[in-house]
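Assemble the whole structure, with the sequences as input and the hints as a guide.
Residue numbers (this note's numbering), protein chains in the order written: chain A, 1 to 250; chain B, 1 to 408; chain C, 1 to 313.
Hints may be right or wrong, so weigh each one.
[Unchecked claim] Listed below are the simulated DSSO-like cross-link pairs for lysine-lysine, each with C-alpha atoms no more than 27 Å apart in a straight line: (1) A:Lys-67 to A:Lys-108; (2) B:Lys-107 to A:Lys-73; (3) A:Lys-73 to A:Lys-108; (4) B:Lys-107 to B:Lys-179; (5) A:Lys-108 to A:Lys-135; (6) A:Lys-108 to B:Lys-107; (7) A:Lys-108 to B:Lys-179; (8) A:Lys-73 to A:Lys-61.
To be clear, the hints were calculated from the coordinates, so they are not data collected in a lab.
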Amino acid sequence: MSDPILSLQHVHKSFGEAHIIRDANLDVIPGERHAVIGPNGAGKSTLFHLCSGQFAPSEGKILLNGKNIAGLKPAEVNRRGLARSFQITNIFPGVTVFENLRLAVMRKHNLQFVFWRSAARLRVVNEEVDDLLTKIRLTDRAQTLASQLSYSEQRSLEIGMTLASDPQVILLDEPMAGMSHEETDYTAGLIREITEGRTLLIVEHDMSVVFSLAHRISVLVYGEIIATGTPEEIRGNARVKEAYLGEEAA
Amino acid sequence: MKYAPLLLLVTVAVLIALPWLVSGSMLNAAVQMLIAALFAMAFGLLCGQAGMLSFGHAAYFGVGAFAAVHAMNAFGGEGLLPTPLLPLVGGATGLVSGLLAGYFSTKRTGVYFAMITLALAELLHALAPHLKTVFGGEAGVSSFRMPAWGIGFGSLNDVYFLTLVWTLLCIGLLYLFSKTPLGRLALGLRENAHRLRFLGYNTHALGTLIFAVSAMFAGIAGALQSMNIEAANYVVLESHISTAVVLNSFIGGVRVFLGPAIGGAVMTFFGHVTSDLTRVWLLYQGIIFVLVMMFLPRGLVGELVERIRNPSGEGFARTLSTLLARLASLAIAAFGAVFLIEFLQRVLSPEYRAGVTDGNWPDIALFSYDWAPLSVLPWAFGLGLFGIGIALVTMVNRRVAARKEAQA
Amino acid sequence: MDQILFALLNGTIYGLLLFMVSAGLTLIFGMMGVLNFAHASFYMLGAYFAYTLQPLTGFWLAIILAPILVMGVGILVERFILRHVHEHGHAHELLVTFGLSVVIAEMIKMVYGKFAVDYRVPAELNFAAFSLSGIDYPFYRLFMGGIAVVMFIAIYLLLTKTRVGIVVRSAIYRPQMVEALGHNVPMVFMGVFGIGAALAGLAGAVAGAFYTTNPNMALELGVMVFVVVVVGGLGSMGGAMAASLLIGITNSLAVGSDFRIADILTWIGMGGWAEEIGGLLTMRMSSLAATLPFFIMLLVLVLRPSGLMGEKE
Ligand SMILES: Nc1ncnc2c1ncn2[C@@H]1O[C@H](COP(=O)(O)OP(=O)(O)OP(=O)(O)O)[C@@H](O)[C@H]1O
Ligand SMILES: [Mg+2]
Numbered sequence: 001m002s003d004p005i006l007s008l009q010h011v012h013k014s015f016g017e018a019h020i021i022r023d024a025n026l027d028v029i030p031g032e033r034h035a036v037i038g039p040n041g042a043g044k045s046t047l048f049h050l051c052s053g054q055f056a057p058s059e060g061k062i063l064l065n066g067k068n069i070a071g072l073k074p075a076e077v078n079r080r081g082l083a084r085s086f087q088i089t090n091i092f093p094g095v096t097v098f099e100n101l102r103l104a105v106m107r108k109h110n111l112q113f114v115f116w117r118s119a120a121r122l123r124v125v126n127e128e129v130d131d132l133l134t135k136i137r138l139t140d141r142a143q144t145l146a147s148q149l150s151y152s153e154q155r156s157l158e159i160g161m162t163l164a165s166d167p168q169v170i171l172l173d174e175p176m177a178g179m180s181h182e183e184t185d186y187t188a189g190l191i192r193e194i195t196e197g198r199t200l201l202i203v204e205h206d207m208s209v210v211f212s213l214a215h216r217i218s219v220l221v222y223g224e225i226i227a228t229g230t231p232e233e234i235r236g237n238a239r240v241k242e243a244y245l246g247e248e249a250a
Numbered sequence: 001m002k003y004a005p006l007l008l009l010v011t012v013a014v015l016i017a018l019p020w021l022v023s024g025s026m027l028n029a030a031v032q033m034l035i036a037a038l039f040a041m042a043f044g045l046l047c048g049q050a051g052m053l054s055f056g057h058a059a060y061f062g063v064g065a066f067a068a069v070h071a072m073n074a075f076g077g078e079g080l081l082p083t084p085l086l087p088l089v090g091g092a093t094g095l096v097s098g099l100l101a102g103y104f105s106t107k108r109t110g111v112y113f114a115m116i117t118l119a120l121a122e123l124l125h126a127l128a129p130h131l132k133t134v135f136g137g138e139a140g141v142s143s144f145r146m147p148a149w150g151i152g153f154g155s156l157n158d159v160y161f162l163t164l165v166w167t168l169l170c171i172g173l174l175y176l177f178s179k180t181p182l183g184r185l186a187l188g189l190r191e192n193a194h195r196l197r198f199l200g201y202n203t204h205a206l207g208t209l210i211f212a213v214s215a216m217f218a219g220i221a222g223a224l225q226s227m228n229i230e231a232a233n234y235v236v237l238e239s240h241i242s243t244a245v246v247l248n249s250f251i252g253g254v255r256v257f258l259g260p261a262i263g264g265a266v267m268t269f270f271g272h273v274t275s276d277l278t279r280v281w282l283l284y285q286g287i288i289f290v291l292v293m294m295f296l297p298r299g300l301v302g303e304l305v306e307r308i309r310n311p312s313g314e315g316f317a318r319t320l321s322t323l324l325a326r327l328a329s330l331a332i333a334a335f336g337a338v339f340l341i342e343f344l345q346r347v348l349s350p351e352y353r354a355g356v357t358d359g360n361w362p363d364i365a366l367f368s369y370d371w372a373p374l375s376v377l378p379w380a381f382g383l384g385l386f387g388i389g390i391a392l393v394t395m396v397n398r399r400v401a402a403r404k405e406a407q408a
Numbered sequence: 001m002d003q004i005l006f007a008l009l010n011g012t013i014y015g016l017l018l019f020m021v022s023a024g025l026t027l028i029f030g031m032m033g034v035l036n037f038a039h040a041s042f043y044m045l046g047a048y049f050a051y052t053l054q055p056l057t058g059f060w061l062a063i064i065l066a067p068i069l070v071m072g073v074g075i076l077v078e079r080f081i082l083r084h085v086h087e088h089g090h091a092h093e094l095l096v097t098f099g100l101s102v103v104i105a106e107m108i109k110m111v112y113g114k115f116a117v118d119y120r121v122p123a124e125l126n127f128a129a130f131s132l133s134g135i136d137y138p139f140y141r142l143f144m145g146g147i148a149v150v151m152f153i154a155i156y157l158l159l160t161k162t163r164v165g166i167v168v169r170s171a172i173y174r175p176q177m178v179e180a181l182g183h184n185v186p187m188v189f190m191g192v193f194g195i196g197a198a199l200a201g202l203a204g205a206v207a208g209a210f211y212t213t214n215p216n217m218a219l220e221l222g223v224m225v226f227v228v229v230v231v232g233g234l235g236s237m238g239g240a241m242a243a244s245l246l247i248g249i250t251n252s253l254a255v256g257s258d259f260r261i262a263d264i265l266t267w268i269g270m271g272g273w274a275e276e277i278g279g280l281l282t283m284r285m286s287s288l289a290a291t292l293p294f295f296i297m298l299l300v301l302v303l304r305p306s307g308l309m310g311e312k313e
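The structure is reproduced here in structure tokens:
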């Protein structure tokens, strides 16, 4: 097994008295598609917030490429090659879809404080945006305001923006929530395609997607990772069954 | 919108021909209008495009104004730069103070940002009287425009053209700025700074920079102002300057590119023409602002652009007749309200009250009639007109609503 | 030593006054998400209303009626203006209240003129509470502090001990939830807005008699209140209290101080240089007192951007 690209070591997060993540340990191997599953409120999104710099962990280390990123600012984490999407759609609502993606792409080309060039003439950037638009099937919506997209279109845009910075590690938080069957299938294919040569960590409730997409799965229950393994191993795991059935029985 | 370039061309042509078209007093007003337009555009960059509401923009206008007079006085009155280039000094000072103030104020966002900008402006305003060498104390600092490049800069015409060139140039630069990557990121800041951070951007630095650019253009406007009157006094740091730019820009509409400029110019124009007629122009300005924010939240220009882009689908004649009916009824209501306010203002003015002797209230002349303040007549007249106007507007609105319902 | 004691007492009382206004602002913000720019205008209205009523009703009734009138104004503003623009978002609401503050200030100028009016502490309250080293301490200051303290206790009890208070407190955190439980949230909002306005009005009615009552008082106090809120954090009453006292006390300590920055520099042998530069370096603290709160704010922004007790945005 090669060195993990993303590694959580004894990570702990509490808000006041509430211990949301307890001693989480997780190694994500370069190139794998790794899913995190767990019941509602288990702390999956919180885990992503910790990895992406939204929150600093109360204790523990988060290593990206062997370097501790715990407590770094989101922008810094992004620059080190980790990009994420959000469970609650997080886009630029008042500008066009094209602009949303352009803002996302520009960073990669170090176009932050540039005020002497026209954005419309940045050929490479605009080509990449067109490329992304094709991938997320929003080409003919390019000039629509993002706020006027349908819910599932906004979800696609969310994924597109996450891809834009060409990250090594991608974190997707319930990318398919609210999508139709056809859209889910397409998006699963898209994720498969775009994560070629990258590492994916995904939270998803649709189990058919999770089991067909993921190389490995971790199960998070009440802030603890109770199991990690291949889909087969997870299917057969007694504790996982108990956790899920217990949840359903309750 | 296809007529926009043509309209722009005509406007510029009229502006160039203006000295031959209007009187000296009007030309003076035009200079003020241009300066207000540029100042509002600077504010619009920060507030409209980047979504950061500043209540203290007088500070950067003010430092620009003072920097320009000091630059004029430099080298024993020779001037730091030739007169036409002096606004650069105002711009540079604005930029530097904007970087400093922006660093602090963009540490927070939203309402906190707004409060910090106000506090910083008040800080400068409180310090200014103590720093006599810089701000000149009560008397302020005065100066002379020196001739340069074969132009005298003594006449109003010269000043007008100087202001016009700088204003158009700066508005052009602001337009170009909005098309650059940094200008696009301003929109990102306004729409969702949180997401920008997760895309790897340094939002604090971005905010500071955009704040500084806005302060730079405000500084240029301030420099033009002090060059126009050949003096600067710490009155330019007072809060009503900051207030005026907020009101003007939003009345015009901050989300359309030229909205602030038009708002600034139009309101300054009305301020000028009404200065002999009323003493409470600021009150009207405040009321207009509140009404615009309540009923035309996009601002006047914003609303106009929206109507042109998305016509109501009722056909030109219908739309026009509705518009005229609305305007006519509003005019009646406005006349009633203005009458009441002006009458009240006159009754309450100290001069009038000094003339009241033991229960004898002299008549008051208003709109070429004499009105007795103790009779019902003037009050009923004002209130009546106001009421009729409002009733008419309500009627027109009901009709429009009924038509829409019938269509649906 | 006595000087310092006086300054501390003055500062505490000024701080309590600041808190009376910032508490209402914080309450309204916490509950409705609206930063009410016109809040300090309510303070000014309170002073002017009380000044107008005083000759008719006497001082005591005036300082009771004035806040009630201000509450009426507040309720009208909330019901007919703020609610109307609610759909356009909080920034829009802030702007509308900003416009209102302009309108109120201009109306005051129109009715009462541009200069201070003669609103004074009534004779029966104008005496010395005690004296130290021959300096009298005005009773009225203690009276203002007392009113502020009584108000807080009343509000605290209202918020924590009554059913209405529980609804209000939960409406701050979960307005939809409270609405779903069948409470009339718009009504609660209107009430909170009215009470916040009345608090500011009371502060104005009481303080206007001691300090000056002029058309600038809203801006002057308003800026201080904003500084308090930035320093303390809008979210928390505790923060507002701490920041109010901090600003009130530093302010009045500075007023009585002859200290100059040049004096420190003399210690490290740069006194001569400082005297030469002049400007800020040789200014007495007392003349800079008005600017001290702003510097505290800047310091807080650098060291603890989210405020003394504020949460991160
Ligand atoms: N900022 C916070 N402060 C306090 N508690 C929080 C905070 N954020 C999340 N929580 C709590 O942490 C728990 C886990 O939340 P989280 O959003 O991580 O769950 P999740 O596994 O993503 O759930 P879901 O499947 O519904 O998205 C929840 O009980 C939530 O209430
Ligand atoms: Mg989640």
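Here's how the hints hold up against the structure:
1. A:Lys-67 to A:Lys-108: Holds. Lys-67 of chain A to Lys-108 of chain A sits at ~21 Å (cutoff 27 Å).
2. B:Lys-107 to A:Lys-73: 14 Å, holds
3. A:Lys-73 to A:Lys-108: Holds, at about 17 Å.
4. B:Lys-107 to B:Lys-179: 26 Å, holds
5. A:Lys-108 to A:Lys-135: This hinted pair holds, its Cα atoms lying about 18 Å apart.
6. A:Lys-108 to B:Lys-107: Measuring from Cα to Cα gives roughly 25 Å; hence the hint holds.
7. A:Lys-108 to B:Lys-179: 19 Å, holds
8. A:Lys-73 to A:Lys-61: With a Cα-Cα distance of about 15 Å, the restraint between Lys-73 of chain A and Lys-61 of chain A holds, given a limit of 27 Å.
Going down the numbered hints, you'll see the structure goes against none, and every one checks out.
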